[in-house]
Each structure stands twice: as structure tokens, then as C-alpha cells.
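**Student:** Residue numbers (the numbering used here), protein chains in the order written: chain H, 1 to 117; chain G, 1 to 117; chain E, 1 to 117; chain R, 1 to 117.
Bear in mind the hints are in silico, worked out from the structure with no lab data behind them. Don't take every hint at face value.
Below 30 Å or equal to it, Euclidean Cα-Cα: the simulated DSBU-like pairs (lysine-lysine) are [stated by the list, open to error]: (1) R:Lys82 <-> E:Lys101; (2) R:Lys94 <-> E:Lys82; (3) E:Lys94 <-> R:Lys101.
To be clear about the criterion: a stretch of chain E counts as covered by chain R if any three or more of its residues have a C-beta under 8 Å from a C-beta of chain R, and this derived list gives those stretches [claimed, not checked]: (4) 8-22; (5) 33-42; (6) 52-65; (7) 68-74; (8) 88-100.
Don't be surprised by glycine CBs; every beta carbon is placed ideally from N, CA and C.
Listed below are the residues making up each chain.
4 protein chains.
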Amino acid sequence: MSDADLETLKLALREFAQQRDWDQFHTPKNLASALIVEAGELLEHFQWMDRGDRESLSSRQREQVALEMADVLLYLIRLGDKLNVDLIAAARRKLELNALKYPASLARGSSKKYTEL
Amino acid sequence: MSDADLETLKLALREFAQQRDWDQFHTPKNLASALIVEAGELLEHFQWMDRGDRESLSSRQREQVALEMADVLLYLIRLGDKLNVDLIAAARRKLELNALKYPASLARGSSKKYTEL
Amino acid sequence: MSDADLETLKLALREFAQQRDWDQFHTPKNLASALIVEAGELLEHFQWMDRGDRESLSSRQREQVALEMADVLLYLIRLGDKLNVDLIAAARRKLELNALKYPASLARGSSKKYTEL
Amino acid sequence: MSDADLETLKLALREFAQQRDWDQFHTPKNLASALIVEAGELLEHFQWMDRGDRESLSSRQREQVALEMADVLLYLIRLGDKLNVDLIAAARRKLELNALKYPASLARGSSKKYTEL
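Using the sequences plus the hints, can you model the full thing?
**Tutor:** As C-alpha cells, this is what we get:
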């Protein structure tokens, strides 16, 4: 992981798991499960809303949403540690692939194209 | 977002959406939906495996998994941009809350405690 | 399972797995994972839509959505078989609990109440 | 929906929503979101377990799992009502497609084939 803050979080999570002897539970499969469970808790905040824009959330909701997002990020970092995936580098590769797949000139304003993203 | 690489990705994603006129689709609700869809594609790789350890994945699988993780990260960054959530700061707050909730002395080796995480 | 058609599907799924020697993969954990992966494929159809009303879907989309819903149902039935859960009876219990939790007189028209469902 | 018990549940859910004026929230998109949120709550019970076999669950856990499965089924039925999808008929079509896709003679004991399911 090339990113200083992500690297710091990765080491903090590693220590956190070791101190609690939780490494035994942190298989990639279990971490991917825990990640989607947190993604569900994140989506739950928005499930009956139209859009969920920032202004429509109370400050309490905003903090709850931020902490659910944090949970997703923490499991993502932990999974990256276990699988030796550099998240930032992978995100850059994915962005380049997306740029090839959806040229701005073709995709522009096209919801049809977009729904095939 | 205090993190240089995440900040760079945030700006790249913002430009990517603007060039394609996709901002109209990027409501927080839609981004949270897209995030969990990607989390499902990530979990799909592991669903019939016992553990999914790194050594048990082919290099092709590893790259596919890395790109699914990238998709989750990219939607998380985009959602953070829309909701003005600093992901790194939120992750630090969450880690501190977890440390209070699961003191190492009590949680150690306790799968029972753990399952209540 | 008290329901004739669900019972028939349960037996068909059991035979399907046995003929392929797939029972070994069908742990409750794996089936719950497979179920949410299919739920993600279902949500994918709607992720960039406003509402996803029936009339806004093409007949091809409608059939794809129906088959994703079928996948969710099939894994749910298979999980019910493995855990000996009578789905229909459980759904009736849940409906009764919901009726107690959300009395019509209080919940009526209240989106606030609803968001706490 | 050709199934008597599912039909009864469909009508009960319809009445439940009407009495609370909740129909306005039950767009297909929102129902697909709520469904995956419940699928996450179901998976949460299994996320740190090895297999989650029936005998390894307490009777309290079993009832909680049954009620999460019920939630998934109820949203699936409600979505079927909104989209006019006959769940049982769709499940039969899907089973037939799976039988063509995974002939028993080829798929037997093959985890490789299986992981491509």
C-alpha cells in the first residue's frame, strides 16, 4: 500500500487483531463477508430515501453513515493486508480500465451506456 | 480527506463523472447501492471456498479480486466526496470506538465476544 | 415447509445438489453468502434508476430481474432445508411481530417511523 | 403467484403496507435495497463461523436466523407483487436453466465447475 495513512491504518488493524487473538477469524472469505455486512448497514440508512443528499441527513445520521463507511474501509484495508493487495494501485488500474471502457465522447449524458457500467 | 492518494483519487473520480455527465446518477443512495453490488462481486469469488487464502488463489483470481476491491474503494471515495466525509478521520474514530468496545484483556481469544463485534 | 410448491422446489434442489455432489459446498454459511451475492445481482438492475417501476423495465430486463429473484428464492429454500426452517411459518411469525412493532394507527403516513422499520 | 401460501402472504403484505400508507416507499428499487440489507443481517450470523451448521447454532440463534430469512422472503414476495413476477414459476424456469448449464455428468464432484455456477 503506497499510501501513508492507509499504511498506518493497516498496521493499526494488524495490531488490533493480534492483541485480541482475532487473526484466526480473519480469513479473506470472512473479511469479504464482514465487508458486505457493513455495506448493508451503510445502505440501510438510505433504503427508504429518494436520494440521501447530505443536506437531508441530520448531523447524527451523517456521523452514523461516516462510521459505517469507516467499517467498510477498515475491512477493505484488512483484506488488502491479508491478500497483499495495494488498494491505491488497484484503484488506479481500475480507473484506467474504466476510462477505456467508457470513453467520455461516447458515454456523455448516456444513461443507457451508464446502466451498463 | 487528509490523505494525499485518496484525495487524488477523489478528484480523478469527480472529473471522470463530470466528463461523462454522470453526476446526476451519483446520489448518495445510488452510490451506496453500487458499493454493495461491488461488495457482492467481491464476495462471489470466495462464496464456495473454505478460507480464500492468498496462496489458494490463481494470479488471475488475485487480480480480479484486487479490481473488485478497487471498485468498492472507488465508490467509497465518491460517496465520501458527496457526503463530505473524511474517510481516514472516520476510520480513526471507528478504531478508537472499537478499542473501547473490545478491550484486549476481555476480548482476547474469545470467539463469543468476537461474534458480537 | 408447509407449502406444496416450496416443498416441491426444496426436494428438486436437494436432488440437484446430490446428483452433482455439491452438498459439500452447501454449508449454511456458504448458502447465506451465495444468497447475498444474488441479492446484489438483483439490486444491480435498479442501482442507477429512480424507482424501477415495472413499466420502466423492458421485457428482457423484467425476465432478468425475475431470474435474479428466483436465485434468491432458491438459495433461501436450500438454506431453509439445511437449517430445518419452515419459511412460510417464519414469515407468518415475522408479520405478526411487525404488526405489534408498527401499529397502523401510529405508523400511518409516518416516514419517520418507517425509516426505523 | 401460483402458490397458495405465498399468495396469502402477498395479500397480507399488501394490506399491511396500505394500512400504514407505506406504499409510497415500496418502489422496486427500494424493495431490492431492503432485501439486500436483510440478506446482510442474515449473513452477519454466519460471518465468523466456519460452516454454521444447524447443530452449532443455539435455539435463540436459530430463531433469529429464521426471522432474517423471513424478512428476505417477505421483501421478495412484495417485490414480486410490484413487478408482477410469479416467484414459483420463475424458480422453476431458473432450475431448468441450471440443469442445462450444469449437466450432472459433467459437473459431478467438480468444484471448478461449481465455482463458475
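**Student:** Please go over all the hints and tell whether each is borne out by the structure.
**Tutor:** Hints, verified against the model:
no. : hint                 : result
1   : R:Lys82 <-> E:Lys101 : holds (24 Å)
2   : R:Lys94 <-> E:Lys82  : holds (20 Å)
3   : E:Lys94 <-> R:Lys101 : violated (36 Å)
4   : 8-22                 : holds (count 8)
5   : 33-42                : holds (count 6)
6   : 52-65                : holds (count 6)
7   : 68-74                : holds (count 6)
8   : 88-100               : holds (count 10)
Checked against the numbered hints given earlier, this structure breaks only hint 3.
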